[in-house]
Amino acid sequence: MKDEVTTQVNVTKIVSFNHAWKLARDKFGPNSPVTKMLRLQKSILQCGLLRSGDAFLKLDTDAEEEALFSVQLMKKVEINKKIKTDAEHIPGRTLDELLLPAEIKSMTKNLQ
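According to the working numbering, the residues represented by the sequence shown are 496 to 607, in order.
Keep in mind the hints are simulated off the structure, nothing from the lab.
Mixed in with the good hints there might be a few duds.
Straight line, CA to CA, 16 Å or less: simulated EDC-like cross-link-like pairs of lysine to aspartate or glutamate [as the list claims (entries may be wrong)]:
1) K570 to D498
2) K570 to D591
3) K571 to D557
4) K571 to D549
Pairwise CB distance ranges (calculated) [what the hints assert, rightly or not]:
5) S527 to K571: 15 to 21 Å
6) N526 to E573: 16 to 22 Å
7) P596 to D521: 22 to 28 Å
From the three backbone atoms N, C-alpha and C, an ideal C-beta is built for every residue, glycine too.
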């Protein structure tokens, strides 16, 4: 139960930071220090969730501009009365900055 609550709290934070960085991007632009900080914090939280073993990476095959991964949850969680199966998306370039290549490989389900 404790692990489920921790995962739910972490996913709630990730969703909140994802929403906040998109709002900041729209208001201040993509290169604003606030926008960059919010996006980085979301990504750091996602990497923590991945490292905990509560999630894995799945390549988004619909992404056209760059490699994009969905952070898929091992167990569904309820956030704001909605069932979530993922903790948003993370670009491959961000993964390359925050994780080791071996970590990315071991966390990715559809590339092995």
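Comparing the hints with the structure gives:
no. : hint                     : in the structure
1   : K570 to D498             : holds (10 Å)
2   : K570 to D591             : violated (25 Å)
3   : K571 to D557             : violated (22 Å)
4   : K571 to D549             : holds (10 Å)
5   : S527 to K571: 15 to 21 Å : violated (34 Å)
6   : N526 to E573: 16 to 22 Å : violated (35 Å)
7   : P596 to D521: 22 to 28 Å : violated (33 Å)
Hint violations for this structure: numbers 2, 3, 5, 6 and 7, all remaining hints satisfied.
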